[in-house]
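Chains as they are written, first to last, in this note's numbering: chain A, -13 to 412; chain B, -13 to 412.
To be clear, the hints were calculated from the coordinates, so they are not data collected in a lab. Just to be clear, a hint being listed does not mean it is correct.
Unchecked claim - In silico lysine to aspartate or glutamate, DMTMM-like type, Cα no more than 25 angstroms apart, as pairs:
1. LYS208/A to ASP246/A
2. LYS92/A to GLU4/B
3. LYS177/B to GLU44/B
4. LYS293/A to GLU(-11)/B
5. LYS334/B to ASP236/A
6. LYS(-6)/B to GLU35/A
7. LYS92/A to GLU97/B
8. LYS92/A to GLU35/B
9. LYS138/A to ASP111/A
10. LYS361/A to ASP118/B
11. LYS47/A to GLU97/A
12. LYS174/A to ASP271/A
13. LYS361/B to ASP118/A
14. LYS239/A to GLU335/B
15. LYS220/A to ASP209/A
16. LYS293/A to GLU360/B
17. LYS346/B to ASP322/B
18. LYS143/A to ASP244/A
Residue strings, one per chain:
2 protein chains.
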Amino acid sequence: MIEPRVLKGFRDSLPQQELVRQNLMSRIQQIFRSFGFVPIDTPALEYTEVLLGKGGGETDKQMFRFTDNGGRDVALRFDLTVPLARYVAANYSQLSFPFKRYHMSKVWRGEKPQKGRYREFWQCDFDMVGVDNAQSDFEILLLIHTCLSEMKVGAFKVSVSHRGLLNLFLSGLGIEDKNAEVLRAIDKLNKIGVDGVREILLEEGLGDAAADMVLSFISIPKDNFGDTLDILVKMLGNCPGTERLAQIYDMMKACGIDGDFILDTSITRGLDYYTGIVYETLLTDMPQIGSICSGGRYNNLAGLYTKENLPGVGSCIGMDRLIAALEELGSPIVTDASYADVMVASSKENPAWSESVAMKLRALGVRTDSYVGEKGMGQQFAYAENNGIRFVVTAQTGDTFSVKEIATRKVTEGLTLADIAKLANG
Amino acid sequence: MIEPRVLKGFRDSLPQQELVRQNLMSRIQQIFRSFGFVPIDTPALEYTEVLLGKGGGETDKQMFRFTDNGGRDVALRFDLTVPLARYVAANYSQLSFPFKRYHMSKVWRGEKPQKGRYREFWQCDFDMVGVDNAQSDFEILLLIHTCLSEMKVGAFKVSVSHRGLLNLFLSGLGIEDKNAEVLRAIDKLNKIGVDGVREILLEEGLGDAAADMVLSFISIPKDNFGDTLDILVKMLGNCPGTERLAQIYDMMKACGIDGDFILDTSITRGLDYYTGIVYETLLTDMPQIGSICSGGRYNNLAGLYTKENLPGVGSCIGMDRLIAALEELGSPIVTDASYADVMVASSKENPAWSESVAMKLRALGVRTDSYVGEKGMGQQFAYAENNGIRFVVTAQTGDTFSVKEIATRKVTEGLTLADIAKLANG
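Here chain A stands alone, though its shape is the one from the complex (with noise of 0.2 angstroms):
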């Protein structure tokens, strides 16, 4: 006998998470198709060359990589980004430009396994290559915007930066050369907060009225996006960052959304490749499941595989974030993944008539399950409550049956199969 385990960091998603995780799959889908939004796919396995880049260090050690039968060198992908960046420069000549597409797959990455931490994990990222503007970037918070609301999360608020704006501020202070440093210790704020950031900036170099500027800086009121902005203009002038985020903000009164937006100059997305604005999205009454939609502008997305210069911007949907989010609201997505409305119980003798009747509900638009095991009518039951299964067709008299509602134990008789239906889709 072989154990039936799965590799540690690996997990089998149970009936009823699947149906949560595709209901939210499809919504989403079906969003991002309504703003003309395209799917693409790409190998999970890819040459290493190819996925590694220039890269190596930490990303090199997280890899899943090997030596295939034909003497490879192969990795399974570890993010989205790189094979979309590898996916534009191979396949340029037949897409077309802006290209926004989005892709929701698994990833693979051998680290650590962790509470909340899995070694394969669903990655929902949307982008739009091939265009550096305020319209560009206006068009992911859109997109963001929509599918919270439509997911009704309740209140949120997506935060927003740009990265000119502190490379700007500390060429002012005469501190450029320290950027990644600065950075990196912004992006600790949440966890650390301002005293932590602090130390780290004295150790890192910085005198105390340099460290004292940096914070005050991120510490910028954001209650309104634009008042924010008129203290960063003041404060910096008009440079590219400010007029880019001016250009957006008028996107976002024109479409009435700038109250769910705010400008926050403590949001870095740490030290990735991000070039332009960056984002990150809390629900406002559930601010410790973390960013649920985060993301920024890069530059120069496939440079490493074609001469072809190709900005973009874009953003990546935390799907557990957004699970958990929306089980502790008890949304519709959540509570909606039942096996089937109606089941039809077995007929001992005459099994043909559980099939038919539940093919005939299935054609008046009713999700009907017939139950085949052997098991009494009791089992049957428990059947159909385990399964979320509301109603049970029981017996037929002449064209009517008899239904056992399972939440009430009550039976119905004298239904027609349009009064099922009725019940079951009412």
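Go by the hints and put chain B onto chain A.
Frame of chain A; chain B shown alone:
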């Protein structure tokens, strides 16, 4: 510069292809769900021991198998049946039986790439585990029938047989020890014809008389399921195989679908693990595509991993073949795969305009792309045309809009947003 190549036998999916695949998958999923079948997911990577079981030989050679960073012998799954067996054994106490599941996902095989054969491809399996009776056999056949009817692939025939029939027939001839050889020979019937099969049977040591008996057995008239069954009952008497088929045939008649099934004793499904009914499906007008839905009953699915006896019956849809048929037929599943229905042209002076008009159209249920590039009107129309977008909103006067229909180049002025929605969705 790194060449953006993919591995041999692996493919990128372009948006147009991916839209079709996702349309098809969501349609199939809807049908599975209407039957109370539920989705599951399993890891792409598993312990080699778990995937290989007692196997070895061909399967072993075809696996993407390697040692991970933790020294574990692991491999990418090569089908969805072995993971199902492992899954039901591992999650037995959390599942309801009879367990009806579907699984649409990728599998990997290091086969020699050739036309139509890839090293990474999608599988779409549906199985019912935990029961061995005629009703469950029939329900899988009904589900196949429903899928193909709903897809509107034209006329089709599901050819059904039962492994027990040939076994019994060979016992009658006193050559039950040649079962595997005869099965393997018959399985080649479509490729090599009757004479070819006869030759192999003789090579395998059957006498002329026995070979002719086998050939006449697999050539029993198959115009009508009931007639063929009568012949078989006369020939073999009542046996478990004919009794099961008779019960299934009764259910076909009760559901009014018997005309689309034939009983074909030449169907064997090769040397697979099937133990009861087996079936294949051909499209009447496109037999050259091959079987687009095959499967059968197997006993003791998970015997390698658990002491529970878990019989099952299942099938898989050949998605690439089905897509080929749908393309040939000009199915809406293929032709509806447009990026969006409407595009709002860009306005250099007022980018907020296109974004806000697009937002309003989406709120009316119109899939609307907003052009975010920097190109002139001519290239914007080309972008719309390349992406299958039918209407372009070019300008606004008061509350009405100018709209160009891409197919006819006709511009209509004075349309309200509601008019545009009617054009796009009507």
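These are the hints, each one checked on the structure:
For the proposed pair LYS208/A and ASP246/A, the alpha carbon gap of about 12 angstroms is at most 25 angstroms, so the pair holds. For a cut-off of 25 angstroms, the pair hint linking LYS92/A to GLU4/B stands: about 16 angstroms separates their Cα positions. The suggested pairing of LYS177/B with GLU44/B holds, with an alpha-carbon distance near 22 angstroms, which does not exceed 25 angstroms. The suggested pairing of LYS293/A with GLU(-11)/B holds, with an alpha-carbon distance near 11 angstroms, which does not exceed 25 angstroms.
Of the pairs offered as hints, the one joining LYS334/B and ASP236/A holds, with about 14 angstroms between alpha carbons and a cut-off of 25 angstroms not exceeded. Our distance criterion of 25 angstroms between C-alpha atoms is met by LYS(-6)/B and GLU35/A, whose separation comes to about 15 angstroms. Of the supplied pair hints, the one linking LYS92/A and GLU97/B holds, its CA atoms being roughly 23 angstroms apart against a limit of 25 angstroms. Proximity of LYS92/A to GLU35/B is assessed by CA-CA distance (about 23 angstroms); at most 25 angstroms being required, the pair is judged to hold.
Proposed proximity of LYS138/A and ASP111/A is supported: the alpha carbons are some 20 angstroms apart, at most 25 angstroms. For the given pair, LYS361/A sits about 13 angstroms from ASP118/B by alpha-carbon distance, which is consistent with the 25 angstroms threshold. Proposed proximity of LYS47/A and GLU97/A is supported: the alpha carbons are some 9 angstroms apart, at most 25 angstroms. Proposed proximity of LYS174/A and ASP271/A is supported: the alpha carbons are some 22 angstroms apart, at most 25 angstroms.
Distance hint between LYS361/B and ASP118/A is fulfilled; the C-alpha atoms sit about 13 angstroms from each other, no more than 25 angstroms. Taking the CA atoms of LYS239/A and GLU335/B, the gap is about 16 angstroms. The hint holds against a cut of 25 angstroms. This hinted pair checks out: LYS220/A and ASP209/A have alpha carbons roughly 17 angstroms apart, not beyond 25 angstroms. A distance of roughly 20 angstroms separates the Cα atoms of LYS293/A and GLU360/B; the hinted pair therefore holds under the 25 angstroms criterion.
Between LYS346/B and ASP322/B the alpha-carbon distance is near 23 angstroms, which keeps this suggested pair within the 25 angstroms criterion. Proximity of LYS143/A to ASP244/A is assessed by CA-CA distance (about 10 angstroms); at most 25 angstroms being required, the pair is judged to hold.
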